[in-house]
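Enquirer: Listed here are the chains, written in short residue letters.
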Amino acid sequence: MIQFLQNLGKTTRASFTKLGRATFFLLQVLAGIFSVLLRPRLLLNQLYSVGVLSFLIITISGLFVGMVLGLQGYYILSDFGAEATLGVMVAASLVRELGPVVSALLFAGRAGSALTAEIGLMKATEQLSGMEMMAVDPIRRIISPRFLAGCLSMPLLTALFSAVGIVGGHLTGCGLLGVDEGAYWSQMQASIDFRDDIINGVIKSFVFGWATTWIALFEGYDAIPTSEGVSRATTRTVVNSAFSILGLDFILTALMFGDN
Amino acid sequence: MQHTSTQDTLVGLFVAAGIAGLFFLSFQASNLSSFTQKDTYTVTARFDNSGGLKIKSPVSAAGVKIGQVSNISFDPKTYQSVVVMQIEAQYNTLPDDTTASVFTAGLLGEQYVSLEPGGSETFLKDHSAIDITQPAIILEKAIGQFLFKAAEEKK
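Keeping their order, the protein sequence lines are chains A and B.
Residue numbering for the first sequence follows this note's numbering, starting at 1 and increasing by one per position.
Residue numbering for the second sequence follows this note's numbering, starting at 1001 and increasing by one per position.
To be clear, the hints were calculated from the coordinates, so they are not data collected in a lab.
C-beta: ideal position from N, C-alpha, C; glycine also.
Incorrect hints may appear among the rest.
What the hints assert, rightly or not - Computed footprint of chain B on chain A, listed as stretches where at least three residues anywhere in the stretch have a Cβ under 8 Å from a Cβ of chain B: (1) 51–58; (2) 163–169; (3) 181–189; (4) 204–210.
Please model the entire structure based on the sequences and the hints provided.
Expert: Structure follows, in structure tokens:
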């Protein structure tokens, strides 16, 4: 019994310590962003590996998610003779929820895990301590550019995901199933609000990008410097990112769409 | 690094595609394109019942949207609902005996104000009021009346 209580206290304390370290790490990273702006080349390289390399998976998934929404939406809506509102259904679900959430989950799997593995391996092969020996701050040189690139890429990737998804819904809805094209677009334009839907979606995706990149970078930086430690850290990145994305999504949705 | 310039191009393409996606969402999929602030003039109408009319509900004439509802309030003296409408300035030839009615688009659709021009030769101006109005038809009320009537006839 005593043993159990001891273990409980130990793990609780360990998780709080980790949260504290993560917060301190985030502050250091944020402080390092200034020096990134002085060296945009570092940011550009990271935008490539974080953003451009996630481009393909995001667009293809967006296309298929939109196409499936078009099919399922049509089957359900045609029961009520409301096929004309298919555009609204596809666009609202993509812009408000599916776009930010699914692209953030894909982003965590595609870019987040890569970031953790990269930084964890840098730590395991003592590149980070090597940099410190040469008086180069690894947080400024390695971490901050990646953080900024993640925060900037996510909104762009989400916008692409939603846009491609809406086109995908149009392909199946109007192309295969014969929904009226004018109704698809005009009902969508009438119902989707720029401020309430699109801007809120962008805010969501920015928050998700921030959370995912933070988790990925911290797990890599905090990994036990062995091959097993890095593999565990990578797993934790994907799991923790998924939890925090879905949890944050609930909170943000309650805050943003609650009052109407 | 040798491949830097291709990398730059790809990053540029990525950012451009992302921004294009945002623009697509803003202009093709949302109401931003109809947001452009047009010149409008204000007209008020008093209804006995404005039903489910909301702020931003469309105001149409002959089925064409010419403006929107900007405010709805209750007048405690006449017990009527006061609906303020913004009508686009280019449609400034509505006669002052225009009838305003609250209709529903389809059986379950949203409610809108329909304006039917009369025959007068003076036109509605900014801040003028529409005197002839027709309240919204409340479906429950109509069904209730119908049932009541049917029961009366049976007796």
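Enquirer: A separate judgement is required for each hint: does it hold in the structure or not?
Expert: Tested hints:
Using a Cβ-Cβ cut-off of 8 Å, 3 residues of the segment 51–58 of chain A lie near chain B, which meets the minimum of three, so the contact claim holds. Here's how the segment 163–169 of chain A fares: 3 of its residues keep a CB closer than 8 Å to some CB of chain B, so the rule of at least three is met and the hint holds. Taking a C-beta to C-beta cut-off of 8 Å, the segment 181–189 of chain A contributes 3 residues in contact with chain B, enough for the three needed, and the coverage statement holds. Using a Cβ-Cβ cut-off of 8 Å, 0 residues of the segment 204–210 of chain A lie near chain B, which falls short of the minimum of three, so the contact claim is violated.
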